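In this text, residue positions in the sequence shown follow the working numbering: the first is 40, and each later residue adds one.
Among the hints, a few may not be true.
Distance windows between CB atoms, simulated [said to hold, decoys possible]:
#, residue 1, residue 2, range
1, P60, I141, 11 to 21 Å
2, T140, A62, 35 to 45 Å
3, A66, I111, 38 to 48 Å
4, E93, I136, 30 to 40 Å
5, S130, D70, 14 to 24 Å
I should point out that these hints are in silico values taken from the structure, not numbers from a laboratory.
In this text, all values refer to a predicted model and were calculated from it rather than measured experimentally.
Ideal Cβ placement from N, Cα and C applies to all residues, glycine included.
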Amino acid sequence: MANTASFSRGDSFGCTWTWTPGAGEPADLLDTTITSDIQDRCGNLYALTVTIAEDGLSFTTNYTGDTSDWSIGQANWDIRFVFDGSPTTHSSVFRVIVADTITKS
40 MANTASFSRG
50 DSFGCTWTWT
60 PGAGEPADLL
70 DTTITSDIQD
80 RCGNLYALTV
90 TIAEDGLSFT
100 TNYTGDTSDW
110 SIGQANWDIR
120 FVFDGSPTTH
130 SSVFRVIVAD
140 TITKS
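Take these sequences, add in the hints, and give me the full structure.
Printed below as a string of structure tokens:
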């Protein structure tokens, strides 16, 4: 995924991620706690639901609420990983451009 994504306010928001372990990282995510939030342009935080696949090699992040009240403009998003027995780490910060919906009906 590029570091910037766009979507229309009011649409569903989610992403599927594939885990590719680097040197010294766990082979899978089964013992990892993953959390993720998006912060819109006005500073409102929206928690995403994270679901780790049964094999621990991928996970999804989804916002289960209504995005129609998200502020238009750039939002920031990251993912937090708490690996068993290791320090907490974060992903790069992703930029999400929240655009107004053009077609309303």
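Original post:
Holds or violated: 11 to 21 Å for the Cβ distance of P60 and I141?
Top reply: Violated, at about 41 Å.
**OP:** Confirm or reject the claim that A66 and I111 have a C-beta distance inside 38 to 48 Å.
**Re:** At roughly 41 Å between Cβ atoms, I111 and A66 fall inside 38 to 48 Å, so the hint holds.
Original post:
Cβ-Cβ distance between S130 and D70: within 14 to 24 Å?
Top reply: About 18 Å separates the Cβ atoms of S130 and D70, which means 14 to 24 Å holds.
Original post:
Between E93 and I136, does the C-beta distance stay in 30 to 40 Å?
Top reply: 33 Å, holds
Subject >> Outcome for the supplied range 35 to 45 Å, where the beta carbon pair is T140 and A62 >> reply: 44 Å, holds
Of the numbered hints stated above, the single one contradicted by the structure is hint 1.
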